[in-house]
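Each chain, written out:
Number of protein chains: 2
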Amino acid sequence: MENRRILLTQRPEGMVDETTTRLDVAERPECGADEALIRVGMLSIDPTIRTWMNDAPGYLPPIQINDVIRGSGAGVVVESRTSRYNVGDIVFGMTGWQEWALATEDNKFSVVPAGMGLDLPTVMNVLGVTGITAYFGLLDVGALREGDVVVVSGAAGATGSVVGQIARARGAKKVIGIAGGPEKCAEVVERYGFDECLDYREPHLARRLRSACPEGIDLYFDNVGGEILDDVLLNLAMRGRVVLCGAIAQYNDTDQRSGLKNHTMLIMRRGRMEGFIILDYTARFAEAQMELAGMVLSGDLRHQEHLVRGLENAPSALNLLFSGGNHGKTLVVVDDSVTLA
Amino acid sequence: MENRRILLTQRPEGMVDETTTRLDVAERPECGADEALIRVGMLSIDPTIRTWMNDAPGYLPPIQINDVIRGSGAGVVVESRTSRYNVGDIVFGMTGWQEWALATEDNKFSVVPAGMGLDLPTVMNVLGVTGITAYFGLLDVGALREGDVVVVSGAAGATGSVVGQIARARGAKKVIGIAGGPEKCAEVVERYGFDECLDYREPHLARRLRSACPEGIDLYFDNVGGEILDDVLLNLAMRGRVVLCGAIAQYNDTDQRSGLKNHTMLIMRRGRMEGFIILDYTARFAEAQMELAGMVLSGDLRHQEHLVRGLENAPSALNLLFSGGNHGKTLVVVDDSVTLA
Numbered sequence: 006m007e008n009r010r011i012l013l014t015q016r017p018e019g020m021v022d023e024t025t026t027r028l029d030v031a032e033r034p035e036c037g038a039d040e041a042l043i044r045v046g047m048l049s050i051d052p053t054i055r056t057w058m059n060d061a062p063g064y065l066p067p068i069q070i071n072d073v074i075r076g077s078g079a080g081v082v083v084e085s086r087t088s089r090y091n092v093g094d095i096v097f098g099m100t101g102w103q104e105w106a107l108a109t110e111d112n113k114f115s116v117v118p119a120g121m122g123l124d125l126p127t128v129m130n131v132l133g134v135t136g137i138t139a140y141f142g143l144l145d146v147g148a149l150r151e152g153d154v155v156v157v158s159g160a161a162g163a164t165g166s167v168v169g170q171i172a173r174a175r176g177a178k179k180v181i182g183i184a185g186g187p188e189k190c191a192e193v194v195e196r197y198g199f200d201e202c203l204d205y206r207e208p209h210l211a212r213r214l215r216s217a218c219p220e221g222i223d224l225y226f227d228n229v230g231g232e233i234l235d236d237v238l239l240n241l242a243m244r245g246r247v248v249l250c251g252a253i254a255q256y257n258d259t260d261q262r263s264g265l266k267n268h269t270m271l272i273m274r275r276g277r278m279e280g281f282i283i284l285d286y287t288a289r290f291a292e293a294q295m296e297l298a299g300m301v302l303s304g305d306l307r308h309q310e311h312l313v314r315g316l317e318n319a320p321s322a323l324n325l326l327f328s329g330g331n332h333g334k335t336l337v338v339v340d341d342s343v344t345l346a
Numbered sequence: 006m007e008n009r010r011i012l013l014t015q016r017p018e019g020m021v022d023e024t025t026t027r028l029d030v031a032e033r034p035e036c037g038a039d040e041a042l043i044r045v046g047m048l049s050i051d052p053t054i055r056t057w058m059n060d061a062p063g064y065l066p067p068i069q070i071n072d073v074i075r076g077s078g079a080g081v082v083v084e085s086r087t088s089r090y091n092v093g094d095i096v097f098g099m100t101g102w103q104e105w106a107l108a109t110e111d112n113k114f115s116v117v118p119a120g121m122g123l124d125l126p127t128v129m130n131v132l133g134v135t136g137i138t139a140y141f142g143l144l145d146v147g148a149l150r151e152g153d154v155v156v157v158s159g160a161a162g163a164t165g166s167v168v169g170q171i172a173r174a175r176g177a178k179k180v181i182g183i184a185g186g187p188e189k190c191a192e193v194v195e196r197y198g199f200d201e202c203l204d205y206r207e208p209h210l211a212r213r214l215r216s217a218c219p220e221g222i223d224l225y226f227d228n229v230g231g232e233i234l235d236d237v238l239l240n241l242a243m244r245g246r247v248v249l250c251g252a253i254a255q256y257n258d259t260d261q262r263s264g265l266k267n268h269t270m271l272i273m274r275r276g277r278m279e280g281f282i283i284l285d286y287t288a289r290f291a292e293a294q295m296e297l298a299g300m301v302l303s304g305d306l307r308h309q310e311h312l313v314r315g316l317e318n319a320p321s322a323l324n325l326l327f328s329g330g331n332h333g334k335t336l337v338v339v340d341d342s343v344t345l346a
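Keeping their order, the protein sequence lines are chains C and L. Take the position in the first sequence, starting the count at 1, then add 5; the result is the number in this note's numbering. Take the position in the second sequence, starting the count at 1, then add 5; the result is the number in this note's numbering.
In short, the hints are calculated from the structure, not lab data. Do not take every clue at face value.
Treat identical chains as interchangeable: a pair holds within one or across any two.
With a cut-off of at most 25 Å between alpha-carbon atoms, the simulated SDA-like pairs for lysine to any residue come out as follows [stated by the list, open to error]: (1) Lys266 - Arg212; (2) Lys179 - Pro62; (3) Lys113 - Met243; (4) Lys266 - Leu239; (5) Lys266 - Pro208; (6) Lys113 - Arg275; (7) Lys266 - Leu65; (8) Lys266 - Pro67; (9) Lys266 - Arg244; (10) Lys266 - Asn324; (11) Lys266 - Pro66; (12) Lys266 - Gly231; (13) Lys179 - Gly120; (14) Lys113 - Lys179; (15) Lys178 - Ser303; (16) Lys266 - Ala119; (17) Lys266 - Pro62.
All figures in this text were calculated on a predicted structure; none of them were measured in a lab.
This is chain C alone, in the form it adopts within the complex (with noise of 0.2 Å):
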């Protein structure tokens, strides 16, 4: 019985390429006591998996070499010697990119309640990490409010059209988008409802900014980092709150940076910049998965999966979140025999 992972053999300097992991097969792991064994379906691809491959400080340690890399993804129980978990549950948590994981003490996995009417990769999207992150970030950290003006990078990316749609929800005066290229601007306003998308591809995005927030931006949730957080804090509104979420745009970064300029900006406009991370939040988990389930299922909420089958294929597909060569949600389909119900 073999298990087939994918272990970082190298720290990538800038994308990851053949050099950074490799393909492995060791033997399937043995379910001990109080634990279960799970047949993985189906991978969750997020950008933060790129800092962990960095030898750098951050919220968890980096991936050491010739480990499997880590990794969210969900999976189906086939053994359990646990009360938690019963065999044929779908579950998610921390797979890591390989076929078969073990939940145990350390590594807890949360059950998928089925017959919610949604599909896996709908889940493993909205209700995931992406959904989550967008909920807590948006209204936790953003505090938004009736009359908001929001910006929102990476607006066509899993995370960033989630946030649009929660703000538009919850009573944003206007909600415009930050997107690279007209087909992701278009995509931004047409299937997510955003008021407005800028291509941050073109020139004087500050300028543009300007144009379309000429009150300023009260709240930016940022996925991206790099020079636009530069040209939204000139467009600050008194007051405004900046969420930092990700900045994918230093991930694959290694030249040396040109820095942030405009943070001065913060004392100008009395604004503040908070970051966070949604491990922070999983004690209220539940509350944004009903809330978004609700949206979904109400057809308030659009989103779409981009499903990459094989998991030989993860390196590349988390290069795809950075090249900007995926639609939504980014999932690595590993075995697709499991399904939600």
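With chain C fixed as given, assemble chain L onto it according to the hints.
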């Protein structure tokens, strides 16, 4: 009756020089209905004045060319056509850099209570912009908690030295200063009672901060900006707070600034970085002033003032703030016959 005053002649690049301002002689202003005429005694020299000389977005409009340099000061009421002030009152407000100022409906002054037992320089320092900035920045924006590890840059400066002493009085576990040169660092520890003071002119500040704060920095009161902020961000504790009070290191920058590189640590450590301006706290000034006056009178707050004599020396006094040539709060004495009690 003359009014000597200092006008902005040209926007400075970098430090203020002889082309930036000129001494002008105008007629003494007439006291109109509902106004009061003030003989200016002393000017408060604050770093923010340098930002008003730029033609850049700020929390107040730029000073216009040929206008009197904006700034706060204290003086004595010599004529009053309003019940708000009595002749002989010592008042504090936006005098500008001139010998005579008018209190009007749009430019109100506050009356400094006589009989507190504090002299005018002390009031201008601790109960003025400086002390109030320290108080609300630390307690309100920074939300100081008992047991916090607090780091303060510009620690030998007027604001920084007060911040550290309030932090100590309010139960900080450790108070670390950052200042320029061994003399200032010694002053921070010996005079102001900080636990330690790091010289930013010595190499490896980030590493020395780690040694001084092995469990991370809970609260950073930033008076300088620049690279020091980057070094602090690397050492931020979980839920660490950065109070952006000023960015002295950047106010005179004419080159492309190198920019902030480590703001993504706000994500890793779930940190918050927030700017403020004390104009937002005017309704609560008395709260700060009472506590600060109490601390001075009980001997719990050490302070010092750096007096520069002569209105004509106000521009060079402003430069002292950036060259580090001052010790304590810089004040310009315009007329030394204006005193408190």
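Hint by hint, here is what the structure shows:
1. For a Cα distance limit of 25 Å, the shortest separation of Lys266 from Arg212 qualifies both inside one copy, at 16 Å, and across copies, at 24 Å.
2. Taking CA atoms no more than 25 Å apart as the test, Lys179 paired with Pro62 passes between copies only; the shortest distance there is 24 Å, against 37 Å inside one copy.
3. With identical chains, the CA atoms of Lys113 and Met243 are at most 25 Å apart between copies only, with a shortest distance of 24 Å across copies and 43 Å within one.
4. In this assembly of identical chains, Lys266 and Leu239 lie within 25 Å of each other by CA distance both inside one copy and across copies; the values are 10 Å within and 18 Å between.
5. Taking identical chains as interchangeable, the C-alpha atoms of Lys266 and Pro208 lie at most 25 Å apart whether they share a chain (18 Å) or sit on different chains (23 Å).
6. In this assembly of identical chains, Lys113 and Arg275 lie within 25 Å of each other by CA distance solely across copies; the values are 23 Å between and 41 Å within a copy.
7. In this homomeric assembly, Lys266 and Leu65 come within 25 Å of each other (Cα to Cα) only across copies, at 20 Å, whereas the closest approach inside a single copy is 28 Å.
8. With identical chains, the CA atoms of Lys266 and Pro67 are at most 25 Å apart between copies only, with a shortest distance of 20 Å across copies and 29 Å within one.
9. Taking the shortest Cα distances, Lys266 and Arg244 sit within 25 Å of each other both inside one copy (19 Å) and across copies (23 Å).
10. Only between protomers do Lys266 and Asn324 lie at most 25 Å apart by alpha-carbon distance; the minimum there is 23 Å, versus 28 Å within a single protomer.
11. With identical chains, the CA atoms of Lys266 and Pro66 are at most 25 Å apart between copies only, with a shortest distance of 21 Å across copies and 29 Å within one.
12. Both within a single protomer and between protomers do Lys266 and Gly231 lie at most 25 Å apart by alpha-carbon distance, with minima of 10 Å and 10 Å respectively.
13. Proximity of Lys179 and Gly120 under a CA criterion of 25 Å is satisfied in neither setting, with 36 Å inside one chain copy and 54 Å between copies.
14. In this assembly of identical chains, the alpha carbons of Lys113 and Lys179 never lie at most 25 Å apart, being 40 Å within a copy and 38 Å across copies at closest.
15. Taking CA atoms no more than 25 Å apart as the test, Lys178 paired with Ser303 passes inside one copy only; the shortest distance there is 22 Å, against 52 Å between copies.
16. Taking identical chains as interchangeable, the C-alpha atoms of Lys266 and Ala119 are never at most 25 Å apart, the minima being 49 Å within one chain and 45 Å between chains.
17. For a Cα distance limit of 25 Å, the shortest separation of Lys266 from Pro62 qualifies both inside one copy, at 23 Å, and across copies, at 14 Å.
The structure fails to meet hints 13, 14 and 16 from the earlier list, while all remaining hints are met.
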